[in-house]
Amino acid sequence: MRKSLALIVIVMLAFNLAACGKKKVVENVPIAEGGSGDGGDGTGGVGSDGIEGSQFGPGNPDDPNDPLNKRVVYFEYDSPNLDAEGQIIAEAHAQWLASNPGVTVVLEGHADERGTREYNLALGENRAQSVMQVMQGMGVSGSNIQSISYGEERPVALGADESSWSLNRRVEIIYGN
Amino acid sequence: MQDIILTFKLSTFYLAPMVNFRIQIKNLLRLTFIPVLFCLSISPSVVWAQEQPLDIIITEGVEGAIPIAVVPFESSTAGDPPQIISDIIEADLARSGRFETVPREDFLGQPTTFNQVRFKDWRLLKVDAVVVGKVSAAGGGQYDVQFELVDVFEGRQMTGWRYRVDGGKMRKVAHQIADIIYKQLTGIDGAFDTRIAYVTVQKTASGGGSYLLQVADSDGYGPSTALTSSQPILSPAWSPNGSRLAYVSFEGRKPKIFVQNVADGRRVKLADYPGINSAPAWSPDGSRIAMTLSRDGNPEIYVADSSGGNLRRLTKHGAIDTEPAWSPDGQTIVFTSGRSGKAQIYRMNANGGGVSRITFDGKYNARASFSPDGNQLVMITERGRGYQVGLLDMRTNATKVLSDTRLDESPSFAPNGAMIIYGTQSGGRGVLAAVSSDGRASQILKFQEGAVREPAWSPFNRKL
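Listed in order, the protein sequences are those of chains A and B.
Quick note on the numbering used here: the first sequence kicks off at -18 and runs consecutively.
Quick note on the numbering used here: the second sequence kicks off at 5 and runs consecutively.
Treat the hints with caution; some may be incorrect.
[Unchecked claim] FRET-style restraints, in silico, Cβ to Cβ:
no. : chain 1 : residue 1 : chain 2 : residue 2 : range
1   : A       : GLY157    : B       : ASP442    : 37 to 45 Å
2   : B       : ALA267    : A       : ASP47     : 51 to 59 Å
3   : A       : ASP47     : B       : ASP268    : 34 to 42 Å
4   : A       : GLY83     : B       : THR208    : 31 to 39 Å
[What the hints assert, rightly or not] Here are the simulated lysine to aspartate or glutamate pairs, EDC-like style, with alpha carbons at most 20 Å apart:
no. : chain 1 : residue 1 : chain 2 : residue 2
5   : B       : LYS207    : A       : GLU94
6   : B       : LYS130    : B       : ASP155
7   : B       : LYS346    : A       : GLU57
8   : B       : LYS367    : A       : GLU94
9   : B       : LYS346    : A       : ASP47
10  : B       : LYS346    : A       : ASP43
11  : B       : LYS367    : A       : GLU66
12  : B       : LYS367    : A       : GLU143
What the hints contain is simulated information worked out from the structure, not anything from laboratory work.
Bear in mind the structure is a predicted one, so any value in this text is a computation, not a measurement.
The beta-carbon is built from N, C-alpha and C at its ideal position, and this holds for glycine as well.
Assemble the whole structure, with the sequences as input and the hints as a guide.
Below you can see the structure in the form of structure tokens.
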């Protein structure tokens, strides 16, 4: 336990260093699920010396249930509303961002392929807005949050069934610096 | 960030002045001898044997179609031109669903002028009409093209035309001839000599995508690329005179609206507000563009001058409002709204206000647009069988599902209202499909490379 606490501290320090924009310590690849992360620029994983590393953000890397480790919020069909789990994830990131005002995020809204592209673009926007409202409501500065919708243009799962569609109806929380 | 390459290839094909190459002598059309006339035109740089980017698969034919024979045109010179002309005419007529083209191997003769047509041969084949013609080189890369449409039962020439054209205009002339035949036999203006704009997505070697805004003839041939981007392109919309395209481009990683000249590729950024900038729709007089912006926190419909000035908000509701489309008289805008909890079609006055719901059947109705006569709305509808093209007749309030595909998008009327082109999926790939507005004829246009989507049918851009 003590070991993992220490790890958290180190992690937080490392992230904050990166976040303060002095220098990027690690590539910005989430260890958590999902994330086509078009805005994220890491390809991550293998360094030049061949050592495999996984990068992580504010969450506890040893705790898979830490909502901060989840960087993707999922949605019901044709709905911009957060469900209970989405609310928890959004609030966790909001809390962290509120106490780390030097860190910015991009909220990237997406939709599944069903329906029209323009409606889905609007739907992705409203999904990103739903997360943004939680964050702003918890004191994160609006200037630190940016939203973008890709509609149905950037699916992470390519199947034409509910298991793929459910992965594509999402907002990705992408940390910047 | 260099997302974007603007290309200007369109100019060679489409800059051509709108030569009025039919000096019409309407009364003469019914006489036996070929009326007249021709002239035209420029544009030497286009090679006229275009690559063939697609297969057209006719998935459904029509009962009661007019049987017609298109006899291969005679050529006084070696090479492909005449064959291409008669092939294109035949393909256009077949694609429309209103004609049944008789196989050439059944022909009992190969007439090339009205005088050579032996009517009894064609009556045997139960053909109503025969198209004959010929092509000859006129020097300087030009050709004389002539055709006649023959009424087999009355034994008379219904119409005939002669043109002098550049080799690069053979496809265009063929489409115009098909338009004349279509009009003559159906009473409806043909829309073969029109264009479609659409988006092609190609996978790049690095695994990313390349998005191309393309413009091709209405049958998918002769594609030119108006814009290439590493980021998505959506919603091309033709200006009412066919000279410009408005579209949504994610270059700079954000959806913005641009307006681009089709001829020379020059463009202006119409809308780049915070949030999404999308769904551009031209007013029928071309002076204004309705669009969807989320600059005030939620996707709402706005209208601006076609230069982007005088922005005004038209809708105000916490749900999504998007996909505006103008009625042909410019008085009404229909749009998609999620205000009932699900996407449905609504209408409002073109200056905002007077909102009322139009669609009540189906769980999902979106992306409506008006038929050219203003009596119908084509849209995407979900009625338990997937997302399909639906046609709502506003006089009877009845909706008919026209497509039997399942993930349809972006339906767009031909300017004569007879056909609707739309995007759908076939074999996991984006393809364009077309269906007649009576639902009786349909086809899939399969492009050989990449996924194709977001079709928009041009207006009648060159009045004949």
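Numbers of the earlier hints that this structure fails to satisfy, in rising order: 1, 3, 9, 10 and 11
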